[in-house]
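Numbered per the working numbering, the sequence shown finishes at 1516, counting up by one with no gaps.
Treat the hints as calculated values from the structure; they're not laboratory data.
Note that the coordinates shown come from a computational prediction; the quantities given were computed from them, not determined experimentally.
For every residue, glycine included, the Cβ atom is placed at its ideal position computed from N, Cα and C.
One should not assume that every hint holds.
[Stated by the list, open to error] Simulated crosslink set (EDC-like; lysine to aspartate or glutamate; CA at most 16 Å straight-line):
no., residue 1, residue 2
1, K1121, D1086
2, K1070, E1105
3, K1121, D1134
4, K1411, E1471
5, K1145, E1159
6, K1260, E1275
7, K1193, D1247
8, K1195, E1234
9, K1121, E1087
10, K1157, D1196
11, K1260, D1247
12, K1193, E1152
13, K1101, D1062
14, K1411, D1433
15, K1145, D1176
16, K1195, D1176
17, K1421, E1464
18, K1274, E1207
19, K1070, E1052
[What the hints assert, rightly or not] The following label-pair restraints were derived from C-beta to C-beta distances:
no., residue 1, residue 2, range
20, K1193, K1274, 20 to 30 Å
21, R1250, A1149, 22 to 32 Å
22, A1218, E1283, 50 to 60 Å
23, A1056, T1186, 24 to 34 Å
24, K1101, E1234, 51 to 61 Å
25, E1267, Q1131, 37 to 47 Å
26, F1452, E1283, 30 to 40 Å
27, K1195, R1226, 20 to 30 Å
28, K1070, H983, 49 to 59 Å
29, L1307, K1101, 50 to 60 Å
30, A1286, H983, 33 to 43 Å
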Amino acid sequence: MARSLYPRRVPERSALYRRYRPQTFAAIVGQEHVTRTLRNAIASGQVSHAYLLSGSRGIGKTTIARLIAKAVNCPKAKDGEPCDKCESCVAIREGRFLDLIEIDAASNRGIDEMRDLREKVRFAPSLGQYKVYVIDEAHQLTSEAFNALLKTLEEPPPHAIFVLATTEAGKIPGTIVSRTQRFDLRRIPYAGMVKQLAAICEQEKLKCEPAALEAIARHAQGSLRDAESILDMVATFSDGSVKIKDVDELLGVSEWEETGALFDAFAANDGAAGVRLVGRLVDEGRDLRLFVRRAFDHMRALVLLQSTGKPPETASEGVAAKLKEQAPKFTLERLARIAKRLLETEQQLRVSEGTPLPLELAILDLVTSTSATSPSGQPTAPQPTRTSSAAASSRPASTAPTPMRSSTRAETVPRAESRVAATRLDSRGATATETRKDASPVIDLAARRAAASLAIEDVRKAWAELVAEAKAQSLGKAAHLVDAEPTAIEGSTIVIGFATDFARAFWQDRLRTELERGLSERLSVAVRVRCVVQPLPAGAPEAQDDPMHRAALEIFRRPDRIMEIE
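Whenever a hint applies, use it, and build me the whole structure from the sequences.
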């Protein structure tokens, strides 16, 4: 009996994703658009000399590359499918086929490695019909290495096939891509992943709960390899069974129950319930960033239900019923506001060193900002005291109102109190009334009443202080302020007249919030600013007599002397 060319290895225990790696194109899950094309090409003998497989992790790029090597070297291949029984198929499956060369570009990314490949690619295959080079993470090759590889791809030997696998196809040079057949692999569908996990459990004789497999599939987010690794870990953790309780305990996965409770708190404007939920998650050791990402999934489900009338396919019957109960309680505008705030929170949690404070503040902020608005978007009965106190309690300490600077304005405090308490600076320095156009009408009414007590003389006095401060800080800014003056008060808006349209645009478009903040601090009333072009009133002092103004004009009249002065 002839001695086998491929000495067999002693079987050893390996991970589930390795034991259940597909060995034929038909066994690949969710990539039919790729496998059919490759089978037809191999069956008809129209194999390309180079392929580019791109897509996220764990969806079959390396597996397909190995199947290409099996199919082109299998003497018993039928309709492009390898037999998986011959010597070459078995050797490739066991990782000992000499004509299958796998290169990790993350650690072999230099020009020397590519030059070595160019030297060796000229030699004929040792055992099979083709030498197949699989370059994994190909986007990590250096520019010099790509240039060296390009020459080989331009004039490849007839016995060589190159398969480049990458998660970032955009980093592959166009000269390389144009010389390959490119296939973009898709994330594994949710239903296909659950079916595959169930088949593995049946093969491994594992008792599994359908809810547990669904939770694993959702957590894997389209990566079958990740799902199989999680299944392996859960099976080991629970001693041969797969239960939803074990999945949650092992992974800390915040599933629909927790996110549903969060949106119940939003719907009821119950900040205390939301904070208690966060505290419970922290006590259980849950990942708050993962919880926020699951909240985005919950929001997406609500949006899909509102727009299409159908919940996502990943939702069970119980979850679908919960979504249908919650959907009428939210408008698309409010969901967008929640999404924006939680996105900022997720970024803050990255650097918060484990503290839940950013998420707790976000929940209180989202509840407070809508406490005066019904779920349908209609105003509720006015509650000025409750709204103002809630807003003040959730405001960071750094944004507290500026204290009164003299006793002469003490009479304005009662009227301005609710407005100042409700005014907060967001992360970009703008007030909350500017970033939220749907602010409570009760707060706006309080602001107008407070501003109504202002006299134009008080405003002009505050304006003079603001101009003096600007002169001390920035010559460029002061040049546009010295010939401007408050001209009118319209409700809670102060109209500022500028002599030129250039000066008006400079402050209206770029720095209007600075004017609003400065005047609000000096007047102890939250005010808005509107900039207009308007000549100075009769009797106004000539700004050109100001030496600071003359110096600024001298600079700005000569473009060659303009520079940034801050």
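Here is how each hint holds up against the structure:
no.	hint	in the structure
1	K1121 - D1086	holds (14 Å)
2	K1070 - E1105	holds (14 Å)
3	K1121 - D1134	holds (14 Å)
4	K1411 - E1471	holds (13 Å)
5	K1145 - E1159	holds (13 Å)
6	K1260 - E1275	holds (13 Å)
7	K1193 - D1247	violated (22 Å)
8	K1195 - E1234	holds (13 Å)
9	K1121 - E1087	holds (11 Å)
10	K1157 - D1196	holds (13 Å)
11	K1260 - D1247	holds (15 Å)
12	K1193 - E1152	holds (15 Å)
13	K1101 - D1062	holds (14 Å)
14	K1411 - D1433	holds (15 Å)
15	K1145 - D1176	holds (15 Å)
16	K1195 - D1176	violated (19 Å)
17	K1421 - E1464	holds (14 Å)
18	K1274 - E1207	holds (14 Å)
19	K1070 - E1052	holds (14 Å)
20	K1193 - K1274: 20 to 30 Å	holds (27 Å)
21	R1250 - A1149: 22 to 32 Å	holds (29 Å)
22	A1218 - E1283: 50 to 60 Å	violated (18 Å)
23	A1056 - T1186: 24 to 34 Å	holds (29 Å)
24	K1101 - E1234: 51 to 61 Å	holds (57 Å)
25	E1267 - Q1131: 37 to 47 Å	holds (44 Å)
26	F1452 - E1283: 30 to 40 Å	holds (37 Å)
27	K1195 - R1226: 20 to 30 Å	holds (22 Å)
28	K1070 - H983: 49 to 59 Å	violated (33 Å)
29	L1307 - K1101: 50 to 60 Å	holds (57 Å)
30	A1286 - H983: 33 to 43 Å	holds (34 Å)
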